Amino acid sequence: MLAVTDMNVTMQMLLPEIIVAATGALVLILDLIWVRPLGAAPSARPWLAYVGIAGLALAAVATVAERHTSAALFSNIFVVDPLAVFFKVLFIGIAIIVLLYSVETLPRFTRWPAEFYALMIWCTLGHMMLASSNELFTIFLSLQLTSLPLIVLIGYAKHDGRSGEAAIKYLLLVLVSTAVLLYGMSLVYGSLGTSTLPDIGAELAKRTTIGPALILGLVLLLTGFAFKIAAVPFQFWVPDVYEGAPTPVTAFLSVGSKFAGFALALRIVVTALRIDMDWHITFGVMAALSMFFGNLSAIRQSDMKRMLAYSGIAQAGYLLVGLASLSQEGVGGLLFYTVAYGCANLAAFGVVMIVAEHTKSTRIQDYAGLARRSPLVGLSLAVALLSLGGLPLMAGFMAKFYVFVYAAKAGLIWLVAIGVMNSVISLYYYLRVVWQLYVPAGEDLGEMKVPVRSSVALTFCVAGVLTLGIFPEPVMQAAQAAAAALFGG
Amino acid sequence: MGYVLAATVLLPLVGAIVVALLPKSAEGAPRPLAIVFAAANLGVASWLWANFDRTASAIQFELKLPWIPALGTSIHLGVDGLSLPMVLLTALLTLLAVIASKNISEQRKEYFSLILLLEAGLAGVFIALDLIVFYLFWEVVLIPMFFLINIWGGPNRRYAAVKFFLYTLAGSLAMLGGIIGLFLLNGANSFDMIGLREGSAALPIATQAALFTAIGIALAIKVPMVPFHTWLPDAHVEAPTAVSVLLAGVLLKMGSYGFLRFGPQLLPGGFTRLSPVIALLAVISIVWGAAIALRQTDLKKLVAYSSVSHMGYVMLGIAAGTGAGIMGAGVQMFSHGLIAGLLFLLVGAFYERAHTREISAFGGVVKVTPVLAGILVFASFASLGLPGLSGFVGEFLVILGALGPYMIYAAVAGLAVVLTAGYLLWMVRRVAFGELNADRATMPDITLTEALAIGPLCVATVLVGIFPQTLVGVMNVAVEGVAKVLGR
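Chains C and W, in that order, are what the protein sequence lines are.
Residues 1 to 489 in the working numbering are what the first sequence spells out, letter by letter.
Residues 1001 to 1488 in the working numbering are what the second sequence spells out, letter by letter.
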């Protein structure tokens, strides 16, 4: 890895982050000088989102330009490597899709969308920084940058009590997990005298015995990301927060926030935790518990958002299978899985938003006959759910296959067996919804008009699911390259 | 040339998309359009049949395109003598099923689109030469089938569709496990069914047997072999007629075809170790299926259980592993496709007229519908193995082939023909002959559409029965190859 000291080069490397930070500010300024003076004129508001999307797209271009870079900035506390680039492009893509959805949904619960957009963009900035963080304190700051906007975003629907309740719950979660993380960091730093991840790894590799303080520190460090990815046993906050938050925020949480946790986990686990301990078992057990808990709970849900919340816990389990194999190929599988899951889950939440606009409901029973009211929406949800269930020709199959093959190669046959068993369990509740889409509704509710912006975002996600299911090669290669950067340096 | 073969998948796939995208106002268009695509596909399959080199042992019309190098899988397609008859059968039965679906009144374009998608999946299973591609198509078949039963099925369709889905899915996942195991243990870092042969055949016998058990469960569910058969009667009873035709005619053959591909060609040691078990289950299926069919009061259930019994012969031939046994299995697969299709079309025709499938609700219908009743008699004779019709050739060869390795089983299978004759002739007697049931007195005879769907199957049954060498000639080289691998 190239250590960069030149300030100009440093700034160049930080270009994506700078663009994103400036975009958030620009949205706020435009709101003040242009949209608000117009009063309540709604026609100008979508433009704030478009400006945000344009800025994010620009940042994505700047990020992709760094795809062959491998550099360490500020004395190795911030790295730009293919892994960081992979995650940053993913985070930006997620933000763009969610912004597109938000344009349609926001007017229902707020008259002032500018802060919403800006906070979401800055939260994405936090995710991006997390993907590059290589040092404990940088990690901590980046995490705060993601968590604080999220608290506000979750509580954005001021007139909905559930939204406020969810925000308070998330706030308490952030407080607790931050305290835990900070305590863990201080223990690790106190024991080893260094805070950059590679140095921690080198120090740990040297030691023959590891004291209780250090063990505790490492365990607390791990809980920091376990909360973010919502894996068992740190999942308890998920259903209520997912259900209460405005749906675009839920969609954002369910993918962006979760993947940020994995970006963090990968760096910590692979670069820092170089001690002779069976991490296979630790992550394997976490994965197995998450899959079982998520899937078995999802079966009982009658609310779509809650079902997707529990399904998200189970999906975190599948992702952890990739981490548990602790091999370059396994991590490659995990990365591919994030893209596949991102497309499918964003499509599913997109449909939830569109349906909620029409029926004011997120209950599964109100999805009856959806495919007749709007073939596009019905087909999109069917594809998304079948992909989440891991049926072939969809991205989800390729992703599960990829992860499971290399987990089996790493010797985790028992975990693969549990994963496969869980795929069957999950199909039960995914298919139940798909079946619902194609049965006649009790009454004829007429055709469902889908707004253009939503259908663009939805089509993009569904096309992603199908493309990744049939031609997964380009994304798989990018994932492998990113994983290789993490392992091979 | 390989692209012509790929057309057997692409053509129906394009057809499925085109039909699905038809505007809502074009209500009359889906069926004619589906007929065009299915007929074109039959044309392609016939061309393949005509241009197939009957003397070459190699895979023909091969196509290999890179797909996912990271996972060692490529799009590898091709046919040999074992798969080509299945490709032709798929194309033929799909066309007839589309023709026979005249009375589908709800959601027509979805229906025909799914039938074409089903055809694409079925053709894909038979031409895939890469395990992942094979598995993908295997699963693709599941999705349209689930919806076809679930949306256009009978009153208890939801239960039947879910049962079908869960049974086959559970099997598929065992198969996926077996495929992954094959991949990991082989060391070739490839999923190519041809490329894996050498490495997998060299694995220890116990490993091969374990892998083949995992894969074999999926296949046995599909065939279906007793005790994995309980999904079949439910699915058949609820499925619309055309779907039953494809289910019995082609879907079941995916299982027996898979036994031929995975057994002798990939895991010969494991297959040889397990073949006594397969043979035993096959004989149990033959007898059990026939015995249960004997006491059915529902026409469609009777035909469904007769499929279990007839597929038992296929499996006995495969388990025997001799040249005659495998040839018999291949002929029986093709022949059962024709005859089961024929019987289900007839049951559908009767059901449409009487709105019931209870055997006791019929009686003496030969007096009002002589043609339909006559074809029922013909189909029953074909099914029970009357010499001169296709069913005889297959079952005769199977029993002949099984005599060497499994003399007692062969004898039981031979005697079971009596049971088969029993349930079929008794059914014919109760439906077609005897006192005319007063409720059926105004039943109209065969319509033109029905004749178009049923006629070709009758002709093909006779042709295969009288000139089996056309079929045998295509399969011969491949069958000899399989028998040689097994050393029998």
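For the record, the hints were derived by calculation from the structure and aren't laboratory data.
Among the clues, some could well be false.
[To be verified] Chain W side only, calculated, beta carbon under 8 angstroms to chain C, not exhaustive:
no. : residue
1   : 1049
2   : 1068
3   : 1070
4   : 1139
5   : 1143
6   : 1147
7   : 1153
8   : 1177
9   : 1180
10  : 1183
11  : 1185
12  : 1378
13  : 1442
14  : 1443
15  : 1446
Since the model is a prediction, treat every value here as computed from it, not as a measurement.
Idealized CB from N, CA, C, for every residue including glycine.
The hints, checked one at a time:
1. Using the Cβ-Cβ criterion of 8 angstroms, the hint placing residue 1049 (chain W) at the interface with chain C is not satisfied: the shortest such distance is roughly 28 angstroms.
2. Taking 8 angstroms as the C-beta cut-off, the interface hint given for residue 1068 (chain W) holds, the closest approach to chain C being about 5 angstroms.
3. Among the interface hints, the one on residue 1070 (chain W) holds; its C-beta lies about 5 angstroms from the nearest C-beta in chain C, closer than the 8 angstroms criterion.
4. Because the smallest distance between the Cβ of residue 1139 (chain W) and any Cβ of chain C comes to about 4 angstroms, under 8 angstroms, the interface hint for this residue holds.
5. Because the smallest distance between the Cβ of residue 1143 (chain W) and any Cβ of chain C comes to about 7 angstroms, under 8 angstroms, the interface hint for this residue holds.
6. The interface hint given for residue 1147 (chain W) is met, as the beta carbon of that residue sits about 7 angstroms from the closest beta carbon of chain C, less than 8 angstroms.
7. This hint is violated: residue 1153 (chain W) has a C-beta 12 angstroms from the nearest C-beta of chain C, more than the 8 angstroms allowed.
8. A hinted interface residue such as residue 1177 (chain W) counts as satisfied when its beta carbon comes closer than 8 angstroms to some beta carbon of chain C; here the least separation is about 7 angstroms, so the hint holds.
9. Against a cut-off of 8 angstroms between C-beta atoms, the interface hint on residue 1180 (chain W) holds, since the closest Cβ of chain C lies about 6 angstroms away.
10. Interface restraint check: residue 1183 (chain W) against chain C, minimum CB-CB distance 7 angstroms, threshold 8 angstroms, status holds.
11. For the restraint placing residue 1185 (chain W) at the interface with chain C, the shortest Cβ-Cβ distance is roughly 10 angstroms, beyond the 8 angstroms limit, so the hint is violated.
12. Evaluation of the residue 1378 (chain W) hint against chain C yields a violated restraint, the C-beta minimum of about 39 angstroms exceeding 8 angstroms.
13. Given hint, residue 1442 (chain W) at the interface with chain C, is violated; its Cβ is 33 angstroms from that chain's nearest Cβ, farther than 8 angstroms.
14. Annotation: interface hint on residue 1443 (chain W) violated; nearest CB of chain C at approximately 32 angstroms, more than 8 angstroms.
15. A distance limit of 8 angstroms between C-beta atoms decides the matter here; for residue 1446 (chain W) the minimum to chain C is near 33 angstroms, and the interface restraint is violated.
Violated hints for the displayed structure, listed by number in ascending order: 1, 7, 11, 12, 13, 14, 15.
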